[in-house]
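> Sequence:
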Amino acid sequence: MSLLTSGTWKSTTQRGLTGKVYEFMCDKFPQIRGSDVEVNRVDLSEDGVFGWCQLEEELMYKEFFIEIHDVLLDKDYIPTLIHELIHVKQTMDGLLDHDRREEEANVWEKVLSNEFLCASNV
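Position in the sequence shown (from 1) plus 62 gives the number in my numbering.
By construction, these hints were calculated from the structure, which means they are not laboratory data.
Check before you lean on any hint, since a few could be wrong.
DSS-like mimics (lysine-lysine), calculated; alpha carbons at most 27 angstroms apart, straight line [stated by the list, open to error]:
no.	residue 1	residue 2
1	K82	K137
2	K124	K90
3	K82	K72
4	K124	K82
5	K90	K137
6	K172	K82
7	K72	K172
8	K137	K72
9	K172	K137
10	K90	K172
Being a predicted model, the structure only gives us computed values, none of them experimental.
All chains should be built: construct the whole structure from the sequences, respecting the hints.
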């Protein structure tokens, strides 16, 4: 399966960073590789969030559409992308309870963001 990028990328380095974060997360959670993931940069200022993760599902095939606010600096972009990729993992694992998903994603985003930053020297 694959990673796709779309939308308004105000930072070209973040497009490359997206692939690195995706590979890091796939190494941690191989089930993420079982679907297509599209990361779309868009203005989310009116929504009051840094990102969303939506599932497009047809029979056994899963495609995830992640929208991330297009003005985030790396220090906010990395944990936001990790948070949304945790939602991909959770869906693949069958965890659908909203409160548990958010609680778990908030914990993992902190732990894995620190690990990613230490491992990659970003």
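> The structure should be examined with respect to each hint, and the outcome stated for every one.
Tested hints:
1. K82 <-> K137: holds, 15 angstroms
2. K124 <-> K90: Cα-Cα ~19 angstroms, so holds.
3. K82 <-> K72: Satisfied, since the Cα-Cα distance of roughly 18 angstroms is no more than 27 angstroms.
4. K124 <-> K82: holds, 21 angstroms
5. K90 <-> K137: Satisfied, since the Cα-Cα distance of roughly 20 angstroms is no more than 27 angstroms.
6. K172 <-> K82: holds, 17 angstroms
7. K72 <-> K172: The hint holds at about 24 angstroms.
8. K137 <-> K72: holds, 15 angstroms
9. K172 <-> K137: Given that 27 angstroms is the threshold and the Cα spacing comes to 11 angstroms, the pair holds.
10. K90 <-> K172: Holds, at about 14 angstroms.
The structure shown violates none of the earlier numbered hints.
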